[in-house]
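J.: With the hints as your guide, set chain H with the ligands onto chain E.
Each protein sequence line maps, in turn, to chains E and H.
First residue of the first sequence? That's 93 in our numbering, and the numbers climb one at a time after it.
First residue of the second sequence? That's 139 in our numbering, and the numbers climb one at a time after it.
Quick caveat, the hints were computed from the structure, so don't treat them as lab data.
Misleading hints may appear alongside valid ones.
Below 25 angstroms or equal to it, Euclidean Cα-Cα: the simulated SDA-like pairs (lysine to any residue) are [as the list claims (entries may be wrong)]:
| hint | chain 1 | residue 1 | chain 2 | residue 2 |
| --- | --- | --- | --- | --- |
| 1 | E | LYS347 | H | GLU429 |
| 2 | H | LYS210 | E | SER253 |
| 3 | E | LYS292 | E | ARG163 |
| 4 | E | LYS250 | H | LEU211 |
| 5 | E | LYS250 | H | PRO330 |
| 6 | E | LYS272 | H | GLU215 |
| 7 | E | LYS347 | H | LEU211 |
| 8 | E | LYS250 | H | PRO209 |
Because the structure is a prediction, the values reported are computed rather than measured.
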Amino acid sequence: MNIVVFIKQVPDVPNIRIDEQRMTIIREGVESIINPLDCVALQAALELREREGGRITVLSMGPPQSEEALREALAAGADKAILLTDSAFAGADTLATSHVLARAVSKLRPFPDLLLCGMQTIDSDTGHVGPQIAEELDLPQVCGVNEIHVDGDLLVLKRLSEGFLDTIRAPLPALLTVSKELCPVSDLSLGAVEAAFTQKDIIRWAAHDLGLHPDEVGLAGSATHVRKLRQPAARTGGRIVTGSPQSIVDALIRKLESMSILDEED
Amino acid sequence: MSKSFGDVWIFGDYRDYFQNRITLQLIAKGKDLAEMLNTGTTVVLLGEQVHQYAMEYVAHGANTVMVAEHPKLKEYEVETYTTLLSQWVKSYRPEIFIAGATSFGREFFPRLAKRLRTGLSADCVDLEVDPKSLLLVQTTPAFGGELLAEVVTPDRRPQMATVHPGVFRELPHNSEAVGRIIYPDVDVFPEPRVKVIRSRPPIKGKVSLEDASVVIAGGMGLRSKEQFELLYELAELLEGEVGATRPAILSGWADEERLLGQTGKSVKAKLVISIGTSGALQFTTGIQGAETVIAINRDPDAPVFRIVDLGLVADAAAVLPILIETLRRRL
Ligand SMILES: Cc1cc2nc3c(=O)[nH]c(=O)nc-3n(C[C@H](O)[C@H](O)[C@H](O)COP(=O)(O)OP(=O)(O)OC[C@H]3O[C@@H](n4cnc5c(N)ncnc54)[C@H](O)[C@@H]3O)c2cc1C
Ligand SMILES: Nc1ncnc2c1ncn2[C@@H]1O[C@H](COP(=O)(O)O)[C@@H](O)[C@H]1O
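Only chain E is shown next, with the shape it has when bound in the complex (with noise of 0.2 angstroms):
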């Protein structure tokens, strides 16, 4: 089974700090890591070929340096690694980027059976690259998923849906997106770091290897463009109350009696 997982490196984001006057992120002095959901998603296709055999390919599109996401993608035992970077991907939507991504896989040679995305990054937070490569490579995707049965050629999947546990059948090939509960990611084994550094290389594509117009990629390719960035406006209103613990208590009290979780005491 040939399992093609979609990685995306991103900045640790519980880390990062906000430039205030420019409303921009500080990248400077913070991580880069595989977006979270990426490392399950690999972690799966690792377990997967273990049963069923097979090749991982791991894609990222990117600036150079989430070539490191894609070493350590490498070192942790994916069989071939491609970057898509080109200047022309910058400022991309989802719409952009699924356009590269997709574009990319039909490239491969055979055709995967299996695509692995996470069901969302952290930093971008959308959730929507997984549903649009799968649309434009006309496979059928199933999202969030929780569990993973190959049977032959048809998948056995599970996945919790507002709170309802589905049990899913789809056809190989199939676009999946992986939920955290998908199986615990055992950090990653580095081990391999170093042989990953020497021995395999990265395959490097760029818009015109995938023959892609500059204007149908990047910032040129996208459909959304961000106006403004600013921060969450503090809720409004608030409170704050400082006293006795009896005092305290009485203001708690008032306030549940107001909101008619208490009734009024005469």
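T.: Chain H with the ligands in isolation, oriented as in the chain E frame:
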């Protein structure tokens, strides 16, 4: 300028109707947007025997409900819904198309946007029509909610967004409201490739944080398991549920199913009382959907106070016994 705009469309998401009010919330917001554009609000409703929902949507403010009734539309199914709705969009040309950021909304809207070659923003927390450009300004969280991005779709149509449940208020039910309910032709559908073979309803175990109307959330400021357990008494007195921060769960004070936050559950309670939690963003994303948030923390500078309606600067160990005692006397 006499540009005329297509309608504002809303995806009619009726699964779990009485709990899930997202469609009604979107109708209310859609009316504001439509007014700015001098156009109407249309709900598109797909399913089998869904007429009752069409009536509800009119009563909650929709000008038009477009219904597709067919046994093959009974299950929410990404490819079938994408195909049908992309055909409708091409014939009717809505200016804006929004859906709730429910599991299904987040699964099929990206596919639909892609087929229509248009933009989509995810899980928006605000939508406005810019009075100058008349573009839809879609406010969406980025970087785990650290920042909000204002996104626009300048050239392509429709302008599409999924919307976080609970950010807009539904309009009251008005049985006198009038609206059109129309049944456009629907094509035959190919067999879906993906099939839900079984769908087990949520096991409503003892803990259903998502549905609780009062949630007591506890963090490391409670200091010990014994202290944490006072929260169950408090929850019982207020007919609520207990939730916890990640470190509290790691300390073994509560089970994983009580985890609140980015990697846990999100509540839409009427009231959250958050006790001894610092208010890290990964945690507050789980409680921000509540109507009212009260926090108790002894540090007046704790970040949690930035998101509260009422902040109580106090030692939880001193306050909790008095609070429980006071409530017990009153009930
Ligand atoms: C990728 C990632 C995902 C995460 N996901 C989640 C998640 O889903 N949910 C989650 O909760 N966390 C999550 N975290 C962890 C999160 O960042 C915080 O570390 C966590 O929420 C803090 O928990 P806390 O408030 O209980 O503890 P602390 O940060 O230790 O805060 C304790 C607070 O209690 C106050 N306090 C101390 N003593 C008292 C007293 N006697 N009376 C009153 N107040 C007192 C202190 O002033 C302090 O503000 C995640 C982290 C990462 C990196
Ligand atoms: N630039 C990218 N390169 C490779 N994979 C990506 C990229 N962007 C998104 N993905 C994949 O799509 C998933 C969802 O991303 P998003 O839609 O940005 O939340 C991620 O978890 C990745 O698997």
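J.: Look at each hint and say if it fits the structure.
T.: Status of each hint after checking the structure:
Of the supplied pair hints, the one linking E:LYS347 and H:GLU429 holds, its CA atoms being roughly 13 angstroms apart against a limit of 25 angstroms. The hinted pair formed by H:LYS210 and E:SER253 meets the criterion: a straight-line CA distance of about 20 angstroms does not exceed 25 angstroms. Simply put, E:LYS292 and E:ARG163 have alpha-carbon atoms about 9 angstroms apart, close enough for the 25 angstroms limit, and the pair holds. For a cut-off of 25 angstroms, the pair hint linking E:LYS250 to H:LEU211 stands: about 21 angstroms separates their Cα positions.
A distance of roughly 17 angstroms separates the Cα atoms of E:LYS250 and H:PRO330; the hinted pair therefore holds under the 25 angstroms criterion. Taken as a hint, the E:LYS272 and H:GLU215 pair is honoured in the structure, with Cα atoms around 23 angstroms apart against an allowance of 25 angstroms. For a cut-off of 25 angstroms, the pair hint linking E:LYS347 to H:LEU211 is broken: about 47 angstroms separates their Cα positions. At roughly 24 angstroms between alpha-carbon atoms, E:LYS250 and H:PRO209 fall within 25 angstroms of each other, so this suggested pair holds.
When held up to the earlier numbered hints, the structure conflicts with hint 7 and nothing else.
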